[in-house]
Amino acid sequence: MRDSRGEKLFYFLNYVLLSFIAISCIFPLLNVVALSLSGAGAVASGRVTLWPIDFSFSSFKSLFTGTPIMRSFWNSVQITLIGTALSMLVTIMAAYPLSRKQFYSRRFFTMAMVFTMIFNGGLIPTYLVVQNLGLVNSYGALWLPGLVSTYNMLLMRSAFEQLPGEVEEAAKIDGCGETGILMRIVLPLSKPMLATLALFYGVGYWNSFMSVMIYINDTAKYNMTVLVQNMIKSTSMIQDFADPTMLASMTPEGIRSAAVIVMIVPILAVYPLLQKYFVKGVMLGSIKG
Amino acid sequence: MEIRNAASAARPEGPEIKSKWSGPKWKRFKMNIPLLIMFIPVVLFYVIFRYAPIGGLVIAFKDYNFYDGIINSPWVGFHYFEILFQDPRTLEIIRNTLMLSLLSLVVGFPVPIILAIMLNEVRSMAFKRTVQTIVYMPHFLSWVIIAMLVSTAFAMENGMVNRIVEQITGEAYPFMYEKVSWVAIFVGSGIWKDMGFNAIIFLAALSSINPNLYEAAGMDGAGKLRQIWHITLPGIRPTIILLLILSMGRVMEVGFDQVFMLQNSNVNQIADVISTYIYRIGLQGAQFSLTTAMGLFESLVAFILVFTANYIARRFDQGLW
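For the record, the sequence lines run as chains A and B.
Counting in my numbering, the final residue of the first sequence is number 304, and the numbers go up one at a time with none missing.
Counting in my numbering, the final residue of the second sequence is number 1499, and the numbers go up one at a time with none missing.
It is worth saying that the hints were derived from the structure and are not from the lab.
Be a bit skeptical, because a hint or two may be false.
[As the list claims (entries may be wrong)] Restricting the straight-line Cα-Cα distance to at most 25 Å, the calculated cross-link-like pairs of lysine to any residue (SDA-like) are:
no.	chain 1	residue 1	chain 2	residue 2
1	A	Lys116	B	Tyr1392
2	B	Lys1306	B	Gly1427
3	A	Lys295	A	Asp233
4	A	Lys295	B	Asn1298
5	B	Lys1306	A	Arg20
6	B	Lys1306	A	Leu65
7	A	Lys291	A	Val280
8	A	Lys23	B	Trp1407
9	A	Lys23	B	Phe1223
10	A	Lys248	B	Lys1306
11	A	Lys295	A	Ile276
12	A	Lys23	B	Glu1299
13	A	Lys23	B	Leu1391
[To be verified] Reference excerpt, derived from the structure (chain A facing chain B, CB under 7 Å, subset only):
no.	residue
14	Gly21
15	Glu22
16	Pro43
17	Phe75
18	Ile133
19	Ile139
20	Met225
21	Ile282
22	Val285
Glycine included, each C-beta is placed from N, C-alpha and C at the ideal position.
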């Protein structure tokens, strides 16, 4: 069927509008890339838009030598890797029993968990619990209070429930116990969902800000989000750290942009790998609601 | 109690087996052992980090101090709630929270739906995939980065937006420092960050609509917009209602990170919300009881909103439970 004139106009406008939206998403990022790779003079005079002017790595050089960004980068890596591993482990340990029909009182446990999604103690009581456990100023305070996201746990449980039952039956006949079924059948078959949730947890830990501000007092333990936020809030902080001889060749804007690039790169590195999984994972969750 | 009920409900009907050490009940128990062991850390987590803080809410009715602890601090009844609802400053904070989140909801809710419909109408798969990859991405960036992108774009000096504004009007506009434009930037940046990601769920719903419906409507002479109105939107109505209920629970929440990073002293009168108030007065000012009362109020309103939304949705057979 040929398109009518109205349809042609519709498709044309649709493409234009979507291109505009996509450009609005990518434009600010390109601007930051350009700023981070431009010379100090060009940044200060505001000539940089999408392409670096007076190409130089001086902003990155000042960032790495003049600020504790590397230390905070490793802190972020540590928080993210260990946190994601712990969260995934405990989420599986919650989702698997709840997906088994013969598990005692799974309805009660599910309801008790869902209840915490719609009613919670809030910031101050949680802080007092963490404080009483002596976790303040340790990364345990970042990992433990948010160890399991009930929403993620429900997504995983419904993924487990949707697996075909026949394979499990066969495994059971072959003498596989519950742990054997989990390790050899359920987990390998649920890879898209596991990848999705690992991405969600990982991004959450990588971007964690409020919990670090609340629980971590020692500046040496700051992760990148908090360090970069401090750099943005007080320009003087960059100058405190930096070598006076370098001040001439740097601008706060350039350094901030470089810091943002360092924060984004790890996410961009895993993003294409995981994109097909998280789309699948979100859709899987949506079907069951 | 619960355990026994569940066990007896699941027991298949059949001849009674006398022996204690065999039969379906025992078999089920044996199967449950590894599951129960696995589940112990989960129960501990929920009891310590989810239910203990709910118990800790009692300090909203006490005069909490560090030396007496939660249990021994003296009771003060509704004293702190009276303070909260009499102080014009805290009332302003509650108003700000409601205003920012309701604006974000009303303006922001339709955007992912529209985006999903637009993506659904794209015929070139390569174009569709490129746009999707780009618009999903901001969701994964932290607010530190987004606030920096926003403040760079709207900066008074050398900001991209103000360079254009300067060419038209001759002078830069303080976008981040005027209340109205700040609210617009706040709402807009929230939409910008999450519209793509939130569209995924609607795209999933759209893919389940029968394509024959469109063909039939096309034969009957319905244009594209009428097809969207009469086929697409009704087709994804359940998903829309579901997500609307879920977002009702967040009406009392304005994400801490977003407000904290975007606010500045010029707009504090409108940008101070419950979460930043609890952080500033509660944690930095050590007013634990007062801010717990505020937190309890927030949680209760959210709880009531979710239940009301679900109750209404149930009348239309769309409830969550």
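Evaluation of the provided hints:
1. Only pairs whose Cα atoms come within 25 Å are accepted, and A/Lys116 paired with B/Tyr1392 is rejected, the gap being roughly 41 Å.
2. Among the hinted pairs, B/Lys1306 with B/Gly1427 is inconsistent with the structure: their alpha-carbon atoms are about 32 Å apart, more than 25 Å.
3. This hinted pair does not check out: A/Lys295 and A/Asp233 have alpha carbons roughly 40 Å apart, beyond 25 Å.
4. About 16 Å separates the Cα atoms of A/Lys295 and B/Asn1298, which keeps this hinted pair within 25 Å; it holds.
5. Using a Cα cut-off of 25 Å, the hinted pair B/Lys1306 and A/Arg20 holds, with the two alpha carbons roughly 22 Å apart.
6. A hinted pair counts as satisfied when its Cα atoms are at most 25 Å apart, and B/Lys1306 with A/Leu65 qualifies at roughly 24 Å.
7. Straight-line distance between C-alpha atoms of A/Lys291 and A/Val280 comes to about 19 Å, which keeps the hinted pair within the 25 Å bound.
8. Straight-line distance between C-alpha atoms of A/Lys23 and B/Trp1407 comes to about 18 Å, which keeps the hinted pair within the 25 Å bound.
9. Distance restraint check for A/Lys23 and B/Phe1223: the Cα-Cα separation of roughly 57 Å exceeds the 25 Å cut-off, and the hinted pair is therefore not satisfied.
10. A C-alpha spacing of about 38 Å is found between A/Lys248 and B/Lys1306, which places the hinted pair above 25 Å, so the restraint is violated.
11. Note on A/Lys295 and A/Ile276: the hinted pairing is violated, with a Cα-Cα distance of about 28 Å set against a maximum of 25 Å.
12. Distance check on the hinted pair: A/Lys23 and B/Glu1299 sit about 12 Å apart at the alpha-carbon level, within 25 Å; holds.
13. Between A/Lys23 and B/Leu1391 the CA atoms are separated by roughly 20 Å; this keeps the pair inside 25 Å, and the hint holds.
14. With a least beta-carbon distance of about 5 Å to chain B, the hint placing A/Gly21 at the interface is held under the 7 Å criterion.
15. Here the hint on A/Glu22 is kept, as its CB sits about 6 Å from the closest CB of chain B, short of 7 Å.
16. Satisfaction of the interface hint for A/Pro43 is found here, the shortest Cβ-Cβ separation to chain B being roughly 4 Å, below the 7 Å cut-off.
17. Annotation: A/Phe75 was flagged as interfacial toward chain B, and the flag is violated, the nearest CB pair being 16 Å apart, outside 7 Å.
18. With a cut of 7 Å, the hint placing A/Ile133 at the interface with chain B holds, because the nearest CB-to-CB distance is about 5 Å.
19. A hinted interface residue such as A/Ile139 counts as satisfied when its beta carbon comes closer than 7 Å to some beta carbon of chain B; here the least separation is about 5 Å, so the hint holds.
20. Because the beta carbon of A/Met225 sits about 5 Å from the nearest beta carbon in chain B, less than 7 Å, this interface hint is met.
21. The restraint placing A/Ile282 at the interface with chain B holds, with a minimum CB-CB distance near 5 Å, inside the 7 Å limit.
22. With a cut of 7 Å, the hint placing A/Val285 at the interface with chain B is violated, because the nearest CB-to-CB distance is about 9 Å.
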